[in-house]
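Peer 1: One letter stands for each residue in the lines below.
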Amino acid sequence: MWLINSSIGRKLIMSISGIMLVLFLLFHGLMNMVVIFSADAYNAICAFLGANWYALIATKGLALGFMVHILYAMYLSFQNLKARGKERYAVTDKQDKVSWASQNMLVLGLIVFGFLALHLYHFWSKMQLVEIGHMLGKHVGDIDKAVDGAYWITYWFSQPVYAIIYLVWLSALWFHLTHGVWSSLHSLGLNNQTWLPRVKCISNIFATLVVLLFVSVVVYTYVYQNFVL
Amino acid sequence: MEKTINVTLKVWRQAGPKAQGKFETYKLNNVSTDSSFLEMMDILNEQLISERKEPVAFDHDCREGICGMCSLYINGHPHGPDGEITTCQLHMRKFKDGDTITIEPWRSAAFPVIKDLMVNRGAYDKIIQAGGFVSVNTGGVPDGNAIPISKIYADEAMDAASCIGCGACAAACKNGSAMLFVAAKVSQLALLPQGKVERATRAKAMVAKMDELGFGNCTNTGACEAECPKNISISHIARLNREFLSAKIKD
Amino acid sequence: MAKKETVVETTQAVKPTETPIMIDAKVPSGPLAEKWKNYKAHQKLVNPSNKRRLDIIVVGTGLAGASAAASLAELGFNVLNFCIQDSPRRAHSIAAQGGINAAKNYQNDGDSVYRLFYDTIKGGDYRARESNVYRLAEVSGSIIDQCVAQGVPFAREYGGLLDNRSFGGAQVSRTFYAKGQTGQQLLLGAYSALSRQVGKGAVKLYSRYEMLDVVIIDGRARGIIARNLVSGKIERFFAHAVVVGTGGYGNVFFLSTNAMGSNGSAAIQMYKKGAYFANPCYAQIHPTCIPVHGEFQSKLTLMSESLRNDGRIWVPKKKEDAEAIRKGTLKPTDLKEEDRDYYLERRYPAFGNLVPRDVASRAAKERCDAGYGVGATGLAVYLDFADSIKRLGLDVVKARYGNLFQMYEKIVDDNPYETPMMIYPAIHYTMGGIWVDYELQTSVKGLFCIGEANFSDHGANRLGASALMQGLADGYFVLPYTIQNYLADQIQVPRMSTDLPEFIEAEKEVNDKIQKLLSIQGQRSVDSIHRELGLVMWDFVGMGRNKEGLQLAIDKIKAIKKEFWTNVYIPGKADDLNVELEKALRVADFIEIGNLMARDALQREESCGGHFREEYQTPEGEALRNDDEYAYAACWKYMGEDADPVMLKERLDYEFIKRQQRNYKA
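Chains as they are written, first to last, in the numbering used here: chain A, 1 to 229; chain B, 230 to 480; chain C, 481 to 1146.
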């Protein structure tokens, strides 16, 4: 199967799973923005995305996307390491036009993935997981708070440690996206000489906007809870 | 007018493909800054020969930047620290008195070391043999002007075709990928009407051969373009992706 | 053929007698334009099933070698192809910049096969074989078609049709080009055709192999001995015919625009096995190269001839100014207009800076020898663009020559937009080479020679953009026909064992030679002796030659040969990758070639094309040809290690063109 056996096929998988994740991020980020304007509206969305069949399917799809993206990344990196040969260069130097992020995508990805565990604990395990448990008749958390996303946002982001941890996480995500977004388009072949700089520019603006959506909620919540109230 | 410098060279020495290699350090005094890097290597070898030692083996031929034979990894860069040139076009005026210069062979699993700084780049030939051509026999072809070709496409094909097959792209790539090399040829022929007939089979065959030979997977870092002595754009890689994917989807 | 030969002893420049000698070139009869057509119509062919049973060795993968190997394999022959580089794509044809000529007349400017033929004959100073040159012009158009079909990205007009540029020695625009990398693109075209056949298994490719001898069995070439340059192993290869396209021997001068590995060893091996070496003294010197900068210089870099279209060449008028410039106390830009000597414009008012290569080269040497040279060494002249920048504007000059100026700046570290470029002539191409007949067969049966390696179609001087044309003509369109005329008689010959005594003997000779070289263990490096040879060649067998100098050169070369064979030091072993050994084997042969060149230059008591004898010049200092006595190709026959070679002749009868004196003054 060429999607597994050929290098460009493998990249296609990386590209498509990556784009899926980026679109999820965009959606997630936009959704988060709602909390700034209205906690109730935000909670309505949370309820909408609770343990309903469509949300569960989407969650499974998302999890699959994550796993594929990460497993392929590991597989590709392992192959690439092998392709470099046994002897390594004794001296390496930076190349002017090569971005730092592009050289460190796996590390950045792993950082993002690592923090994701924390994030799932902070939110998912308190919300959708509780609902699922409730449906199955098990008590794994406070079912009242499971649909109160705004509560959890306030709870976590008002604590300076978590606010900072999330900002560090988001900056790793930003680095990952600055290379990831345009690169996924490039791997799909959607590029040419004229559009190369444009695609890079647009992708970077897009990546920055997506990350800013998340950052703004963290910063807003922290500032609002600690200084305004 | 002539300026000279003293340099310390750390050179990779390896007796053969299977032998264990290591760095040797040599001091070289009064090297004219007007001399080319390879002339400096000649001086080193003359010095070694006069000490009745074996000279350093390295690949080189035309010494004017077109044959693609020279292949040294100098201070962390394929073809050295200057841009858009091959090793043979690098001059000693790029270095300062007292510099230590580390010289390594291309490092890539698909380019095994033959001796010292020489590597085997036969893999690139094999990729071309797999499909980097237009299948026409000698004779019986239409007149050169029978098919007009847009100047824009012809020029872009020429930019891709200027690849010298030196291997710097794979040597520079942290993934050991040969995508820029393959892309340059696929792109050149896909842009020209003569090459369009076989574009699908060509892209598939060349990529399959590239993968089979143990080159890595491209992650679009762009290090290949940054180090390419002919400044070949990674936009050709996008075209290769396009050619390959559309060929596979049609299957 | 042998019965027609008359041997003339010529070690001391014997006057040729009027008795016709001569070697028969097997030129078909009939009118010029019909010869090739008739030949093809009547030649013998090999049928497809027999082709499979015939093996052909092709040595070299340049334009000639790669195109021949690919074309022969396409026909169905079994081809074994050898090159010394790591890949066939690196052959030195790749370095040709300017373009390739073809009589397409796409520009509607009056070009024709006849005109290309005529220009080539005239450019070669009437020392080429008419029938071959006409055939070359005839097939030139097919080369362009072939290359376009292969996907060679030639320069195009906005309308999508092929573009042409003009080149020296012609009044029409017939040169096709691909940026400044025409040789590269044509070679990659031939390489891709070759690669296709390698992929199919029709060509077996041996890269990093060097031919060290040709094996002759019963008077016919039947194989080669080659050294695997990686393992050092000597191997034997059989074939029904051997084709050699290994390029020119310009590196006999040590410093040349040739690649470091370019060599004349295959030619010497053929010569020693009975092939004649023709016109060795015809070497082309290119006027616009970057000057020598120091004693460790390894090669010279060519700057495209097109620079002379807009640059003005000059040296200081006064010796004291030249001296001050050499010392660095005076800048060229500070020199007043009236203190500059635009010597080409002064001497050749009609052509000015655009005189042919040989004329421009000699004029530069004349000024430098007289003490007016510039640069640290005094061996350079200025090529000045200040006037053009003033006249055309910086942008136009940048558009036309930007890449060349950048290349110059990378090498010399001077900005040619601000200070004049420095240039000096350098050895560039050798018109001489192994003698071949109309079928490109040498005087040894079954041994063919193509491209720059043969004595070629360029006579005494090659026009720009003609080398690529000749290499590809030989490989694509001539040899694949003519070799069949030979092989048609060989279909009954079975593949021979490489254990035959002839193979064993040839391999033993090669091994003995290598052992001898390694056992000398003297004090001199190979390069140091090569440099010494190069200096002798440049001083006495270079741009200006004379009787005393040439005789002196013969003695000096003899001394160098002795020094080489008694005092060279080669580190390393025979059965290993050993670059010094490779170089030593080549230098041993360069010494032989140097000797032949000097002898040939000595016997040719006239000046023509790339051969300038100072005794034979017009009162104005121009080349003086002697058609009555020297209208022949000098073919040198090897007589043994210690004997002097003897010269045979092929008379160059001109049936269709009248010889004239070249004139570039008015």
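It is worth saying that the hints were derived from the structure and are not from the lab.
Since this is a predicted model, take the numbers as computed values, not measurements.
Worth double-checking, as some hints may not be accurate.
[Claimed, not checked] Keeping only pairs whose Cα atoms sit at most 25 angstroms apart, straight-line, the calculated BS3-like set for lysine-lysine is:
#1 LYS239/B - LYS86/A
#2 LYS97/A - LYS251/B
#3 LYS1053/C - LYS247/B
#4 LYS403/B - LYS94/A
#5 LYS996/C - LYS602/C
#6 LYS680/C - LYS433/B
#7 LYS459/B - LYS94/A
#8 LYS247/B - LYS94/A
#9 LYS232/B - LYS86/A
#10 LYS459/B - LYS659/C
#11 LYS403/B - LYS200/A
#12 LYS425/B - LYS82/A
#13 LYS232/B - LYS807/C
#14 LYS82/A - LYS247/B
#15 LYS247/B - LYS925/C
#16 LYS425/B - LYS680/C
#17 LYS323/B - LYS97/A
#18 LYS807/C - LYS97/A
#19 LYS94/A - LYS602/C
#20 LYS1053/C - LYS251/B
#21 LYS925/C - LYS517/C
#22 LYS459/B - LYS86/A
#23 LYS433/B - LYS94/A
#24 LYS323/B - LYS86/A
#25 LYS323/B - LYS94/A
#26 LYS752/C - LYS1138/C
#27 LYS325/B - LYS82/A
#28 LYS425/B - LYS659/C
#29 LYS232/B - LYS1053/C
#30 LYS993/C - LYS282/B
#31 LYS325/B - LYS94/A
#32 LYS459/B - LYS925/C
#33 LYS355/B - LYS878/C
#34 LYS232/B - LYS200/A
#35 LYS1138/C - LYS325/B
Peer 1: Decide, hint by hint, whether the structure agrees.
Peer 2: Hints and how they fare:
no., hint, result
1, LYS239/B - LYS86/A, "holds (20 angstroms)"
2, LYS97/A - LYS251/B, "violated (31 angstroms)"
3, LYS1053/C - LYS247/B, "holds (18 angstroms)"
4, LYS403/B - LYS94/A, "holds (12 angstroms)"
5, LYS996/C - LYS602/C, "violated (47 angstroms)"
6, LYS680/C - LYS433/B, "holds (17 angstroms)"
7, LYS459/B - LYS94/A, "holds (19 angstroms)"
8, LYS247/B - LYS94/A, "violated (30 angstroms)"
9, LYS232/B - LYS86/A, "violated (40 angstroms)"
10, LYS459/B - LYS659/C, "holds (13 angstroms)"
11, LYS403/B - LYS200/A, "holds (21 angstroms)"
12, LYS425/B - LYS82/A, "violated (34 angstroms)"
13, LYS232/B - LYS807/C, "holds (14 angstroms)"
14, LYS82/A - LYS247/B, "holds (18 angstroms)"
15, LYS247/B - LYS925/C, "violated (44 angstroms)"
16, LYS425/B - LYS680/C, "holds (21 angstroms)"
17, LYS323/B - LYS97/A, "holds (20 angstroms)"
18, LYS807/C - LYS97/A, "violated (42 angstroms)"
19, LYS94/A - LYS602/C, "violated (56 angstroms)"
20, LYS1053/C - LYS251/B, "holds (21 angstroms)"
21, LYS925/C - LYS517/C, "holds (24 angstroms)"
22, LYS459/B - LYS86/A, "violated (28 angstroms)"
23, LYS433/B - LYS94/A, "violated (33 angstroms)"
24, LYS323/B - LYS86/A, "violated (31 angstroms)"
25, LYS323/B - LYS94/A, "holds (17 angstroms)"
26, LYS752/C - LYS1138/C, "violated (36 angstroms)"
27, LYS325/B - LYS82/A, "violated (36 angstroms)"
28, LYS425/B - LYS659/C, "holds (23 angstroms)"
29, LYS232/B - LYS1053/C, "violated (38 angstroms)"
30, LYS993/C - LYS282/B, "holds (22 angstroms)"
31, LYS325/B - LYS94/A, "holds (19 angstroms)"
32, LYS459/B - LYS925/C, "violated (45 angstroms)"
33, LYS355/B - LYS878/C, "violated (39 angstroms)"
34, LYS232/B - LYS200/A, "violated (44 angstroms)"
35, LYS1138/C - LYS325/B, "violated (62 angstroms)"
Hint compliance for this structure: hints 2, 5, 8, 9, 12, 15, 18, 19, 22, 23, 24, 26, 27, 29, 32, 33, 34, 35 are not met, and every other hint is.
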